[in-house]
Each structure stands twice: as C-alpha cells, then as structure tokens.
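There are 2 protein chains.
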Amino acid sequence: MNFLPDIGAAYLGDGKVGFRVWAPFRRSMQIRLAAPEERLVAMDREERGYWSIALENVRPGSRYTIVLDEKIERPDPASFSQPEGVHRPSEVIDLRLAGRERTWGGIALEDYIFYELHVGTFTTKGTFEAVIEKLDHISLLGATSIEIMPVAQFPGARNWGYDGAYPYAAQNSYGGAAGLRRLVDACHERGMAVTLDVVYNHLGPEGAYLRDFGPYFTRSYITPWGEAINFDDAYNDGVRNFFIQNALFWLGVFDIDALRLDAVHAIYDRSAVPFLAQLSESVRELGEKTGRPRYLIAESDLNDSRIIRPKKHWGYGLDSQWSDDFHHSLHALLTGERGGYYTDFGRLADLTTVLGEGYLYSGRYSKFRKRNHGNRSADLESKKFVVASQNHDQVGNRMLGERLSTLVSFEALKVCAATVLLSPYLPLLFMGEEYGEQAPFLYFVDHTDPELREAVRKGRREEFKEFLWEGEVPDPDSRETFLSSRLNWSRAGEGRSRALFDFYRRLIQLRRVEPALGNRERGDMEVRGLEEKQVMVVRRKSAGYELFSLYNFFEEDQVLEPSEIGIRGGWQKILDSADAQWAGPGATLPERLEKGRIVTIRASSLGLYRKIGG
Amino acid sequence: MNFLPDIGAAYLGDGKVGFRVWAPFRRSMQIRLAAPEERLVAMDREERGYWSIALENVRPGSRYTIVLDEKIERPDPASFSQPEGVHRPSEVIDLRLAGRERTWGGIALEDYIFYELHVGTFTTKGTFEAVIEKLDHISLLGATSIEIMPVAQFPGARNWGYDGAYPYAAQNSYGGAAGLRRLVDACHERGMAVTLDVVYNHLGPEGAYLRDFGPYFTRSYITPWGEAINFDDAYNDGVRNFFIQNALFWLGVFDIDALRLDAVHAIYDRSAVPFLAQLSESVRELGEKTGRPRYLIAESDLNDSRIIRPKKHWGYGLDSQWSDDFHHSLHALLTGERGGYYTDFGRLADLTTVLGEGYLYSGRYSKFRKRNHGNRSADLESKKFVVASQNHDQVGNRMLGERLSTLVSFEALKVCAATVLLSPYLPLLFMGEEYGEQAPFLYFVDHTDPELREAVRKGRREEFKEFLWEGEVPDPDSRETFLSSRLNWSRAGEGRSRALFDFYRRLIQLRRVEPALGNRERGDMEVRGLEEKQVMVVRRKSAGYELFSLYNFFEEDQVLEPSEIGIRGGWQKILDSADAQWAGPGATLPERLEKGRIVTIRASSLGLYRKIGG
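Chains as they are written, first to last, in our numbering: chain A, 1 to 614; chain B, 1 to 614.
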C-alpha cells in the first residue's frame, strides 16, 4: 500500500516525481528544480485549488522550490525534507516502502507505557540515530512506547519542537526522514511502539509560509498563538487535508503507532463535523487497511470528554487524552505548591477523585479559571487517560525547569512513580525521571530573526516576572540553556539513581504480571483518602486476585489504625518503597498483614500487598 | 411558585423590593430611587460578584438607576421595565402571580403550528393589546401558537426586535410587561400557545450598558456583530445566569410556552458544558416543576444536529430547530432565484431530500460556503424541524422585502402552503401569508444616535450594492419604511385573499384530522421527485390510512404517466388547489384515481388523494 500524501513531492522511482500543492487563490504555480539541471515548470490547475505536475529525470536529493504567481518563491509547505533549514529549498526524497518487511503487529492501547523524550537533549549527539543506542535502556525499564516530542522541521537546531514550520519534514539536524525511519524500525525490532507528538493547532513563528499558499488561518478566533488555523471557515477542506494527510503520512509511511495531538483546545472548530472527528475516522480507516490499529491521544485543556467519546455518542472518537488534573493533583500534594493553576489543587481528595474519575474538574467551579470547568468522565474506560508525574510541559514551563527530583525527596519520587505506574491509566514517564535525573529541562529556541529572538526572550521574562526573586530567567536563545537540559547519562547507573531505576522497573513488572493491576477497569478499584494523614488506600481486584496499597504522601512516619486500613483476611507484602533494596530508610510495614493490626508506614513511602490465597 | 429571577428588582408586596445585580469588578454599587422621595442606598456585596439590597416603602412604578463606583449611573441591565426607553431609568413593577388562575395545560410539540408576527406591524396600533383583537383570525386559521418576534426593550419605537438592549423588559411602546401578559393570557384562553423569540447571541448597538457591569463579552471570538458574548471565558457563570434566568423569566413569570433562540450559531462556546445544554436543562426542570413542558427552538446556521440531539447522546437537548434548507430548497425551486445562498439550491431533489432528512447539507460540500456543511439529521424525529415558505428573515432580508405573494403566482402560493403544512415537520407561517398579503416586510430601525443611524443606512446600502438596479434601498431609519411594512387587513377577507385563507385553513384541518398526516414519523413517508417535470409525489401512511399527493412545481399543466405516479388500488381526491373553490383555474386531476390512468395536473398545483377503504 502507498500512503504517500496527495500533496508534496512523491518520488515514484525511475526518476519520476509527482508534485502537488494547494493554493486556491493563485493564478499560476511553478516548480523550480535546482538539480541536476535547473528547470522551471508550470503546474496544472486541478479542482478545488490544487495544482500538480508529473516530472521525469528527477533524482532523490534534488532541491526544489515553488514559484507562486511568477513572483514569490517558497519551499513546499508539504516538503518531506528541508536539508538546509526552514528558509531554503525543499528536497525530493524517496519514501517508498518497497522491499521493506513489516512484521510488527503493534501493541494494544491498554498496554502502552509511554517514555517521552526530546531527541535533541536525550543524548549528546541529539539525533534519531543516537536515540537508538538508548533503546535497550528503555526496553529494560519496561516502557512499551517511546513518545517523541515534535520533529517537524523547526528553525535552527535547538527547539522543543512546537515551533515546527514543515509538518511533513523530519528535522534535518536530528537526521531527517531516513533517521526517523531507522529509529522507528529499531523500536519495532525491540517490540516497542512509537508515539509521535504532532502540532495541528498552530505553526511556528519562523519559516512557515503557508499564508502565501492559501487560507490556512481564520480571523474568527483569537488563540494564544494569534490567528487560529482555519478548520471551519471557507476553504477549510484544503487545510484539513493538509493535516489529515500529515497524520496518515507519519502513521502510514513511517509506520508510527500513535500520535499525540498537541493542545487540541487551541484547535478552534465549530463545524458540524469537527476536524478531530474527521481525523480520527481517517486514522481508524488506516488501521483497518493495515490490519494494525493506530491511536490518537490528545493533549486537552478543556476537560471535555466528548473529545474521547466514541462517534456513536457524537464524540470525536480520539483514543485517549492526557489528564492534567492527575498531574496537578499529585504535584500540588507533594510539593505544597499552590501558585498559578495549582490554586485549584492540593487536597488528597483531589488525587483520589482523579484516580476514580479521570478529571477532577468535571463541571465544578475552578478558582483559577474563574468559571465552571469540565464535564463527566467517570464512566469512561481507564485507557482513555494518560497520566504522569512529570512531562516536558510541567517541568519545562517552570522558570528554572526543575524536575521533581530537585523539588521533593528521593523517597517521594518513588511514591510518585507508584502513583503513576500502579494507576489504572496509561502511564507516561519523562526521559530521565526513571533514574532521578537532576538536569533541568529548560525552554530553548534557535531562531535566526533577531526581533523574534528578542521577543521570545522578553516573553519568557514577562511570563515569570513574579518569580524573579528565584533568580535569572534562563535565556531561551542561548546554547547553554539547551546544553544544561541534556540528560547526564553517566549518573544513571550509580547509587540511588540505579535503585530508583530498579524501582521503576519493578513497578512496571508488577503492572504487567499482577492480574489485579492488569485489569484496568475502574469499577474494580476502590480509593480512599485519609485527608488529615495524607494517606491513601487503594484496593484493586480482578478475577479473584486482590491487591491493596498504602501510600503515605506525608513527610513523616505515621501510625495507621486498623479502621483506617480497613482490610479483611490475610495479606502478603510484595513491594515497599522504604526497603533498603530501593535505597530507602528500611521498611516498617509488616511482611504479612491481617485485620486489626496497627502499622507504621514510613514517611513518603508506599507498600503494596497481595491477598493471601488470592 | 416564584419564578422571579435572582437579578433585577423583585417587588414582593407591601412596598418591599429586593434589588440584585452582578458587577464583579466594581468597588461600590448603589441604588438611586427617584420616587416617592429620592434615595441613594449602598448595595451589599455578595459572593461571586453579586450585589443586593432589600428596601421598603417602594411603590410599583418607582423609577431607579444603579450607580457604579459612585460615578457611573445606569439603568438596570436586568430591568423589567423601561418606561422611557433604553437610556432612561428603570421601573419597579409588580410581577407577582398572586390570585392568577392557571388552567392552561399547554400543547404537545408535535401539534405546534407557528404563526410568526411582529407586534409593531401586525396591527395599526402596533401593541400587544391590538394583537389580541386578531387572535380570533389566527385561531380560525388553525395555527396553534403565535410566535412573537423579540420584544426586549429596543431603542425607539420601530425595530424588528433584534436590537434589544434590556432582555428582561417588554418593549414600552408595545405595552410593556402588563400588555404582554394580557396577550399571553388571551392566547391561552383560546387554546393557543405563545412562542417568544429571544436573542442570546448579541445585544443591540444602542442602550445596552452591560460592559459597565461586568465581563459580558469575550475577545476570543469575532462574530458578525463584533465581540461575542462571554459564555465560556472567565466569569461566564454571571453571564450565563443573566440569560438562563431570562429564559425562565419569560417561561415562568409570563407563562410563555416556547422560546425561539435567535441565531445560536453566533453563540460561541467551547466549554465542556455548553451554555445551550445548561439552558435546556434549566428549562426542562421548569417544565417538570410546573407540570407543563416548555420548548426551546433554535435558529441555527450550523446544520449541526448535536444542537437538537438529547443529552444522553451528548447533544444540547434543544427541542427543535428551523430548517433553512427547507426554505431555500422550496424558494429556489419556485422562484428560480440562484443568487447568494440560493446558489446551493434549486433542484427538486433538494426539496425531496429535505422532506426526507431535515437538512439538505448533512456533510457535503456547499459551493456558497466553500466548505463541507452539516452533519447527519435523517434519523431525527420530524418534530425536530420547523419549516416555512417565508419568515421575517427570508422576506425582510431582501432589499425590497418582497413577500412570496409578489414573486410567484397565486397558484404557486397554494403549492407552497401545502408543501409546508402537509410536511411531517412543524409548520411556521409568517403573518399575512395566509391571505397573500402584498405589503413588503422591510428592515427598519429607530435609533437616536445620529452616527448609528447613518451607519445602519450605509450598511444596508452596502449589503445590497449588487441589487441597486432594482431600485433604491429603502431607508431603514424612515418611518415610511416601517409604515409600508404594516399588514393591510382590509384586503384580508376579500376575493382571492379570502380563498387563500380558506385554503390554508383547509390544509391545517387536514393536517389535524387525517391520520396519515397526523403521523409525523418520516419512516412512513415516501417522497419521489420527477426532476424533469418538477413534479413531486409524496405518500404518507399510518395505521392503515394512506394518502398520496401530487405537486406540480412547474408553471405549465403537465401530463403524468401511470409509471410516474406509481400507485396501486383506488384513490379518492380530497383536495385540489386548482379547484375554483380556491380561486383556481379549475381542476384537471380526476376525482377518483386508479392504477394505470394518465392524468393531467394543472400548472403550479397540487392534488391530495386518500386511499379508498383506507
């Protein structure tokens, strides 16, 4: 099957290339080919604003540009390769899959454990190729999918990826399309899936020339990034096609397994058939055609479960979404932070609600937002939510980019890990958290436009003006900022880092082998919070197997009364984060536990028990 | 039960009044009472931005204003009465229902036949009281509900009503709250329901001082009328309360039966629990409390059936919506007009699709909109759609405000009436169409601000700049324009006007008494179109009863072959619009019809047959 999009430059072999572009208001469109000999060829007008031309004697590697109305020369908005960056010509590349064996069958959504990584800072080389060298580490940990922060060509060499200007071109400095494809293959060879972060709500501020081609933007809505992308106004069919083909491109041509859709709340769309619903339908069809389902996972600030509800209930049909409420509940509880959006969080009851329902805000009033927020999520399957104790945003959007490892105790890191990995939801880990990486993850860019560079610097300072007592705002434009955000792999295998890694690994193993954890239906979960003590009791069961866990989020050892634990029968401890094995202070929870026993639980620790005979 | 809103001035009897207002950013709020003696009283701050004060010795009829921060003096945004217009003080009025008998039980939604009227031009006096004098005419016609164009206080005395500035105050020049209530009672006494048109998507450009009180508007969206009303941004709870209480005010305090929600497509709202869903829930609750359901009917340009789908399918739960597609299909077919939005219409197949499905555009590409439009509606009950061959918008938004009576032949008017009244949907008639009124219905305003007057004039000229060859754009600001839009009742009872009225009446009778028409489920309807001949064949059946009708939309007599009619058995004619009885040229369709017969049908006519033995 050929999943090449119907736009861009499709190399068909034997020097044949089909060029196609959408530019509904232009009077003439030409392709300028730079090599082997320079050619300027008029494109033919098709219906609905498309232009195309088939050429021969074009070699992969040839550079080309598009000339609009004989006066404006631009790279291809659907370029598959930008070898010299965002402002220079596009490149014809061969993306055919001929001869490639496909034995990868994918994994079920409920088995996903995401490992989010940023290609540029994950390794010293900062390339796709270098990520491959670390796959054994991720595989050993037990994560089942890497999740790559966006790789669409962005300006310069340093960027989180959300300033991408060419949604179809894998970043040149990371190794381009060839590098990405090798990484995907290497993951699949190890039984690991690949999730890619894609941005369909805005384009980067530098190098995106879409406005020259057509009505990609609408003036009906004002988003935080300026004009919204046109998903519901006149001519939106061309815009939608650009992004839907993009999803199919990564999933079909690169064999990627799942897409994480950045900030769907910034996709403004009031149409009767929303773009996201159309996208999920197209992805479902691709899955059917290839015999392997692909998944769409939304980042959403709307707490609107319609996004992840099925089509038959007039939902958008996305497969899952990040639960920010989970993160905020856990973070506020552990750090005591109450600034900004943490105003709305901080009680243990918030965390227990989130564990039971997915959203904390499912309709009630948010003081931070000064409005009611969210709708019902409690009836949804648990695989509809992705949860994390840290991710690129929650770390990187802090002024100093501190990871949890520098904000809470070592013991608390383990409680966090267990809260995430033993939850019924799909866990996401942020690169390095598994060994307690201490490097910050800072915001960095590498724009060429001096005005833009200064604007970003200024914007960042403005954003954190209330925090300036904490120090200087790191300069996003500086190479130092980027370098300081790199992982320090040398420390990963030593001492407490090693113990933490082993603890994460153990949690993932338990998640896999314990039937009561394998059962991800929340109906079989009971969560109680002892608010005063900041102790949480979770019971999970499935097919006769039962587990219960005690979490102490408080920073001191605590004595628990039998009524607070509330168990029957006999229980065997199978994990205790306070054990010396995990570099803890030594466990106080008994190996066996029966009804009526008073126990002491260590500060910032958790114990997991399995029912005897269960 | 007391349905007085929690804002405004609630007169409680014995001179007691409770004032309450929402103004979340103000530091002080005062009530200035003008009579009997002038008083200036500070209001007390409550939670969430509300202010209130209870006063004694206040008589109904007392004038008051609100003083914000001791410097800005304004009428009450939730004023129940503006006796001196939009810029002058509000009035305390007694709206208690004490002693009022309520025997009206309402009518079921499927029995609604709407008669839309504009209070100002419906009669010479232009008051609620004068409407009462015409109720017997409407009752005789058989319409089951009047539908009143908006009555919220607007500037001056001449306005369609969509420039309302005080959503709670019934227009002073119409007779105010007392007049409206008498009209409602008079309708109910005649077994007729009352539908009121309300505007929750914008406020008029003159006299609305809401911006002084709070964040009623948001800058996230740009609507055709400027900034959108804030239904999803910070502080929207106060804004939503203002409008939801307004709906309950008309339905609960004025005993109104249904609300027509103007242009819900201009309500921009991306929240997880949309305003419209919250509104429909509140109205449903009111219906339960009072033992009589109330209905919400949307005007919507979105063709999005989620608006009228039930809550359990994550719809907004509104009861019905206008089908513009029905109007446009019928209008384009009959008039041959193809300009503007009629570009998308004109084939007989469009009308037959709409009769079967509700929307014509249920996902496909619209040339006029240059995008895909709509979603699935075919599975919805037929009472989910309100249909018309004319209404205030379709007549009044033409440069010269021509009614169908001046655009098509007299015979075609009868075909139109039958298409609407024998459809499975809820019919709506526009005042005067039932007797072929020839007066235009023009756009008129009566602003006081000279700049605004000129802007409206200019805007109107700009809107119709392509039609100026048809004549002058009538000046919306002139009293003549208003006067020329009044109905000419003197002609109603004479000649062809009388025959047309009788024909409408007969159609409504048939709709009521024929079981096959009473059954409004579209599953039991079969519609075929003979595109070449512009002839439509409709079959309806229910519980053994069967009807079929032949519509000739072509302007000449036509011969129909048996295969084109496609009937079995014997049929008896029960209505023929070509009959001399209806001032027609004389019928050619046979009284009895059997399979195999060739018939001639008159130009622009319809015949209705009942199955013999059926």
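Hint data in this document are derived by calculation from the structure and do not stem from the laboratory. Some hints here could point you the wrong way.
Because identical chains share one entry, a pair is satisfied inside a single copy or across any pair of copies.
What the hints assert, rightly or not - List time: in silico DSS-like cross-link candidates among lysine-lysine, alpha-carbon distance up to 27 Å:
1) Lys312 x Lys383
2) Lys311 x Lys383
3) Lys533 x Lys573
4) Lys533 x Lys595
5) Lys533 x Lys367
6) Lys370 x Lys311
7) Lys465 x Lys125
8) Lys125 x Lys383
9) Lys383 x Lys595
10) Lys458 x Lys311
11) Lys71 x Lys134
12) Lys383 x Lys541
13) Lys134 x Lys311
14) Lys311 x Lys71
15) Lys465 x Lys367
16) Lys125 x Lys367
17) Lys611 x Lys465
18) Lys458 x Lys533
Hint by hint, work out which the structure violates, then give me just those numbers in ascending order.
Those not satisfied are hints 7, 8, 9, 10, 11, 13, 14, 16, 17 and 18.
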